[in-house]
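Residue numbers (our numbering), protein chains in the order written: chain A, -18 to 239; chain B, 5 to 194.
Don't read these hints as lab results, they were simulated from the structure. Heads up, some of the hints might be wrong.
Listed next, the in silico DSSO-like pairs over lysine-lysine satisfying Cα-Cα at most 27 Å (straight line) [as the list claims (entries may be wrong)]:
hint : chain 1 : residue 1 : chain 2 : residue 2
1    : B       : LYS9      : A       : LYS36
2    : A       : LYS225    : A       : LYS34
3    : B       : LYS9      : A       : LYS8
4    : A       : LYS34     : B       : LYS179
5    : B       : LYS182    : B       : LYS153
6    : B       : LYS151    : B       : LYS22
Over 12 Å on every C-beta distance to chain A, these chain B residues come out as not near it, computed from the model [said to hold, decoys possible]:
hint : residue
7    : LYS93
8    : LEU95
9    : GLU118
10   : GLN178
Computed beta-carbon distance windows for the label pairs [stated by the list, open to error]:
hint : chain 1 : residue 1 : chain 2 : residue 2 : range
11   : A       : GLU54     : B       : GLY162    : 24 to 30 Å
12   : A       : SER236    : B       : ARG185    : 24 to 30 Å
13   : A       : SER236    : B       : GLU118    : 37 to 43 Å
For each residue, glycine too, the CB sits at the ideal point set by N, CA and C.
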Amino acid sequence: MKEELKYELIERYLSGDLSGQELTDFKQQLDQDTDLKAEVELHRDIEIAMLDKEKIPFINRINNYHEEQFQQEKTEKTTGNKKIARRRIISFAVAIAAVLLLAFFGKNLLVPDLSPAQLSENTIGSMPSLSALRSTDGGNINDEILEKGFNELDKGNYSQAITYLQEIPAGTEASAQLGIGYAYMQEGNYEQAISIFNNIRKNSPEIKDTADWYLAHTYLRQGKKADCVKILKNITLDKTVTQKRQKQAFDLLKSIEK
Amino acid sequence: MEQKKAHKESFYIEGMLKDDPFIGREIYDKFYPKIERLVTLNSGGKTDARDVFQDALVVIYKKALKPDFILTCPFYNFLYPICKYIWLKKLTKKSRSEVTIQDDAGFIDEANIETVIHETERHRLYREKFAQLGEKCQAIINLVFEKKKMREIAELLGYNNEKTAKQQHYKCKQKLIKLVREDVRFSEMI
C-alpha cells in the first residue's frame, strides 16, 4: 500500500470516518498484517499522548469540584474564625438539649427516619423566583398579576396564588404555570402539579430544569421514589443545568438512596 | 488465552469517558478524600493532593481511550497505586533521593502500575519528539487531533487548499513517527 494512502486510512480509521466495505476491508487487513496493526497502535498512542488534560471535559469537571471545595473551605475558614466562640456556646447548648431529648425519647432519636415529605421539605430549597424565571421586565397586565401571584406564594397562601396565576391565560406565561404547579404541590394536589410540570417540561425549555426539580419533589412527596430518582438522575446528566442544581439533585439522590 | 472479565465497577470508566456528572461527583466525593489523606500523610499539601488526583485521572482516562482496555479490579484499586506512583515520583524529584511513603492500603497492583509507568514514559517520549517539530507542523498535527476539517486547517494555517494541507499533515506525521522510531528508548519501550 502506498505510504501516504496508508496514513490517510489509519487517520480515518482512528477518527471513526471509515464505514461500510472500506471499514470491513481495513479491519480484515489489520487482522492479517501485524505491521499495520502496530502502526495503527502507534498512531493511536501518539494521539492519546498529545491529548492535553485541559481538553478533557471530565478533568475540567473534577477541577470545578476542586474549585467549589476550595471556595467552601475558604468561606468556612473566614466565617469560622469569627463564629468560633459563639459556636462553642451553641454546641454546648445543643449537646445539653440532645442529652435531654434522648432521655425523653430514647435511641430512635439518634437515627431519625425522615418521611419522603420531610426529606422533600428539607431539600427543596427556595420557591420559584419570578426574577430568575423571567428575563424581561414586562409592564403589562400579566406582570402585575404574576407579581401578585408570586407574592401570595411567598406568603404561603397557595390557594390565593393559584387564583391570581390562573387569571393569566395558559400558554402565554410559563412562569405563571410554574407558580401554579408549585402551589398545587405545596397543597398536596400532586396529580395536578405533575400534569402542570410535565406540560412545562414539554413546552417551555427555558424553565425545564426548574420544572424537573419540582416534579422530582412532587414524586418524592407522593412516595414514588423510582420516578423521583429517574428525574433526579436526568438532572445530574443534563449538561445545560447549572452546577448548583446538579449538586442539589445529586445530594437528594444520595439521601434517597441511603 | 483467557478472556479478561470487566469488573462491575467499569461504570466509573464509562462515566469518565462520557463526562457523566453523576459519576464525576461520585468519583470525587468517594475517592478524593482518600487520595488527599495519602498525600497529606506523606509530606504533601492539599494542592499537591489535587494535582495528584487530577493527574491520575488523566492517566486512567487516556488508558480507557484504548479499545482493548478493561477494568479488571475495583476502581479504587486501580486509582490508588497510580496516585501513589505519581506522588512518589514528585517526592523523589523534590528530594532528589529515593523516597518511601507511608501506605495505609494493603494492595498494590504491580501489573497495572507497570503498564502505567511504561505508558507514561512512552507518552513523554512522544511529547519530546513532538516538541522537536517545527511550529507549523505542531500546529497542523494538533488541529487534526482536534478533529478540525482539512479545509478549515488550510485556511487557518495559510495553505493554498485542502489537498496541500493534507499533504503537509502527512509529512509532519511521518516525521514525528520517524523521530519516535529512531530513538533508542522507543525500541526498549515496546
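For LYS9/B and LYS36/A, compute the direct alpha-carbon distance and say whether it is at most 27 Å.
30 Å, violated
Given as non-interface: GLN178/B, partner chain A, CB spacing beyond 12 Å
GLN178/B not clear of chain A: closest Cβ-Cβ about 7 Å, inside 12 Å.
Quickly compare the C-alpha distance for LYS225/A and LYS34/A to 27 Å and report which way the hint goes.
24 Å, holds
Assertion that LEU95/B lies farther than 12 Å from chain A (Cβ):
Non-interface label on LEU95/B holds, nearest chain A Cβ at 21 Å vs cutoff 12 Å.
Are the Cα positions of LYS9/B and LYS8/A separated by 27 Å at most?
Holds - the C-alpha atoms of LYS8/A and LYS9/B are around 24 Å apart, at most 27 Å.
Confirm or reject: GLU118/B is not an interface residue toward chain A, with every Cβ-Cβ distance exceeding 12 Å.
Given a closest Cβ separation of 17 Å, the condition holds.
For LYS34/A and LYS179/B, compute the direct alpha-carbon distance and say whether it is at most 27 Å.
25 Å, holds
Need the status of pair LYS182/B, LYS153/B: alpha-carbon distance at most 27 Å?
25 Å, holds
Given a hint of 24 to 30 Å, does the C-beta separation of SER236/A and ARG185/B actually sit inside it?
Check failed, 56 Å falls outside 24 to 30 Å.
Starting from the hint 37 to 43 Å, judge whether the C-beta atoms of SER236/A and GLU118/B obey it.
41 Å, holds
Status of the given 24 to 30 Å range, CB of GLY162/B versus CB of GLU54/A
Once the Cβ atoms are compared, 48 Å apart, the range 24 to 30 Å for GLY162/B and GLU54/A is violated.
Does LYS22/B sit within 27 Å of LYS151/B, going by the straight-line distance between their CA atoms?
The hint holds at about 18 Å.
In this structure, the earlier hints numbered 1, 10, 11 and 12 are contradicted, and the remaining ones agree with it.
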